[in-house]
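Student: Sequence:
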Amino acid sequence: MNKRQLRNTNQYVKEKEEIHEVVNDEDKFDFDNYLVQKLPKKLPIAVSATSTINTNLYCIRNRSIVINKKTLKAPLLYHYVTKKRIKSIKHKKDTLNDELYLKYHTKMEKEEKKMANIDKNLLFFQFDNYSEQLNTLNMLQENINTARKRKDEKLLVNGKGKHSHKKSFHGNQYVKAEEPLKVSKSKKQKTMCTNDNGNLMIINSLSNPFNDVFKKLTSITKINDLRNLEEINLKYKLTIFELEEFMEKFENLKKKESSLRNNEQNDESSDEEEDLTMKVADLKRKRLRKRCSKLGPIIKIKLNNSVIVIDPILPPKIIKLSDV
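In full-length UniProt numbering, the protein residues as written are 1 to 324.
The set of hints was computed from the structure by calculation and includes no laboratory data.
Computed from a predicted model, the values in this text were never measured in an experiment.
All C-beta atoms, glycine included, are put in the ideal place defined by N, C-alpha and C.
Be aware that a few hints might be false.
Quick list of simulated restraints, FRET-style, between CB atoms [to be verified]: (1) E248 <-> K317: 53 to 63 Å; (2) N97 <-> P312: 21 to 31 Å; (3) E132 <-> K286: 43 to 53 Å; (4) K110 <-> S259: 25 to 35 Å; (5) L276 <-> I118: 14 to 24 Å; (6) I118 <-> R289: 18 to 28 Å.
Work out the full structure, taking the sequences as your base and the hints as a guide.
Tutor: This is the structure in structure tokens:
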């Protein structure tokens, strides 16, 4: 027979001892098992081919169905099998009294409260950590976009671009560009940035803001091959999706909690408004029913010449029948 317990105490002791290490350790996102087991939901899927599905429900109507070694034809779709009646089991009374477990129960309740507080603190720490990481990635993305805009404006002002005969904007006039942009090989520096689709790409630039996204991504997410651009793009998207999904779930949880609290307060206020219009006798009965549902009923024991009244709130008292 398995022992009854709320949670494994050995595991709780280990969690309590290693709580400082868990908080300080920067665990990275590992999407390798996730990518092997199933296909990511939020990523685009390319359609290779299409085919129609046969949805004719009457195609197997004339086929025979074998149930309990008997062949049945399709019109007889249901077959009821007779089951043996289960004999009623006589249960013996529990020889152990519940009072023997009260001390253990109160002790385990305290331990459960401690563990719940630890889990709550870990959840809030994870929320702060993920929100900080998401804000950093968004800020780096904005820096990349501003750097790209400045670069494009600089190319337009200087009249240099990919095409030699393309018109560029200079001041308040359009100027015809004659020569493409030339960058010496010694000054080229491979860095990372994101395009309009959200993919990371390698570009040639002299500025360093593009490297910050790659550094931040490698500190958050586990990347096996740093030279594989497809893996970097995929795990960059998955990291953003994971952070946004966690933040959305946390915000929804807070909204539900606040709505539950507001509903409880509104119920109490509505009861008070109804009490103002009720009669005194009806109000007494209503409050007595409410008190009995929470604390229990009033018990009256009738004796020969007296009645013992046991109230859950007031101390017990004896009333003589002659006084009534």
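Student: Give a verdict on every hint.
Tutor: Results for each hint:
| no. | hint | in the structure |
| --- | --- | --- |
| 1 | E248 <-> K317: 53 to 63 Å | 58 Å, holds |
| 2 | N97 <-> P312: 21 to 31 Å | 23 Å, holds |
| 3 | E132 <-> K286: 43 to 53 Å | 52 Å, holds |
| 4 | K110 <-> S259: 25 to 35 Å | 30 Å, holds |
| 5 | L276 <-> I118: 14 to 24 Å | 46 Å, violated |
| 6 | I118 <-> R289: 18 to 28 Å | 40 Å, violated |
Violated hints, listed in ascending order, are 5, 6; each of the other numbered hints is respected by the structure.
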